[in-house]
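Chemist: Given next are the chains, with one letter for each unit.
Number of protein chains: 2
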Amino acid sequence: MTEFTLDPRLANDTHELLSCDDFFVLLNKNKSLPWFIVVPKVAATEWFDLSQELQSQLANLLRKLALFLQQEHQCDKINTASIGNVVSQLHVHVVGRFHHDPLWPDVVWGQELPFSGYSENELSELPQKLRQALEVL
Amino acid sequence: MTEFTLDPRLANDTHELLSCDDFFVLLNKNKSLPWFIVVPKVAATEWFDLSQELQSQLANLLRKLALFLQQEHQCDKINTASIGNVVSQLHVHVVGRFHHDPLWPDVVWGQELPFSGYSENELSELPQKLRQALEVL
Chain A
9 MTEFTLDPRL ANDTHELLSC DDFFVLLNKN KSLPWFIVVP KVAATEWFDL
59 SQELQSQLAN LLRKLALFLQ QEHQCDKINT ASIGNVVSQL HVHVVGRFHH
109 DPLWPDVVWG QELPFSGYSE NELSELPQKL RQALEVL
Chain B
9 MTEFTLDPRL ANDTHELLSC DDFFVLLNKN KSLPWFIVVP KVAATEWFDL
59 SQELQSQLAN LLRKLALFLQ QEHQCDKINT ASIGNVVSQL HVHVVGRFHH
109 DPLWPDVVWG QELPFSGYSE NELSELPQKL RQALEVL
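Protein chains in written order, with my numbering: chain A, 9 to 145; chain B, 9 to 145.
Treat the hints as calculated values from the structure; they're not laboratory data.
Among the hints, a few may not be true.
Each pair may be met inside one copy or between any two copies, as identical chains are not told apart.
[Claimed, not checked] In silico DSBU-like links for lysine-lysine, alpha-carbon gap of 30 Å or less:
(1) LYS37 - LYS137
(2) LYS49 - LYS137
(3) LYS49 - LYS85
Because the structure is a prediction, the values reported are computed rather than measured.
Just need the whole structure built from these sequences, with the hints factored in.
Modeler: Next up, the structure:
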């Protein structure tokens with residue numbers, strides 16, 4: 009497998025929570041919303057260009073992340089999206105939304121979201137919690 | 009199967025292109041961007057609450073719609089998203105984007121997009137074209 013390099017804008021905006029053979033699971037540094045970003049470790053810009061096998065794995069991973077968000081945060085809605093107009097490296101957002109969140113009911117992209125950071129403690133605990141929820145990683 | 013009723017806001021904003029047992033394929037009335045909306049005919053608000061079988065069918069349909077957009081319109085990017093903050097009835101957007109489109113690189117949701125309508129001719133031809141591209145419907 010050739011080396012995969014995360015787009016520097018994604019790397020800059022997120023904490024790396026998990027890394028397995030085929031995916032990174034990233035966390036948006038802004039804690040104002042629970043917001044994961046999944047990046048398949050392949051040179052692709054569209055999810056439907058992935059192999060059938062990777063598409064299935066990706067869907068499975070997104071589903072588990074969404075269920076994790078619902079369970080951990082009792083989100084009112086999950087927003088799942090593959091956009092990539094600014095950062096073309098394929099990445100998929102899974103965002104937990106609440107009726108009372110600062111942007112509701114607007115989408116989160118291209119909006120100003122008040123910044124709040126994760127604590128060291130939260131960042132050290134999340135990967136283990138997530139690993140259990142995702143089972144596969 | 010119980011009768012399924014499309015949310016009136018979705019019905020109002022779109023043309024119904026295709027309807028099969030499990031899905032509606034809708035077209036945003038605004039021609040400024042090629043924009044499909046897929047609605048599974050079940051009472052659900054989240055894609056990951058669908059049965060495994062329907063999730064696979066949905067992914068397959070979204071992939072074919074995206075490929076259709078690329079082939080027909082030579083889109084620079086496809087935006088795929090399940091949001092549902094305003095209309096909670098489960099629906100998934102597949103939007104063809106262009107580097108020169110009026111909203112690029114912003115997302116399309118919550119933005120003012122100049123309106124342009126489809127002709128009667130286009131609306132009568134599209135379902136047949138799409139049926140061929142999707143094969144299954």
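Chemist: Are the hints correct? Go through all of them and say.
Modeler: Hints versus structure:
1. LYS37 - LYS137: within (17 Å within a copy, 44 Å between copies)
2. LYS49 - LYS137: Within one copy only: 22 Å inside a chain, 35 Å across chains, cut-off 30 Å.
3. LYS49 - LYS85: Classified as both: same-chain Cα gap 27 Å, cross-chain 19 Å, threshold 30 Å.
Of the hints listed earlier, there is not a single one the structure fails to meet.
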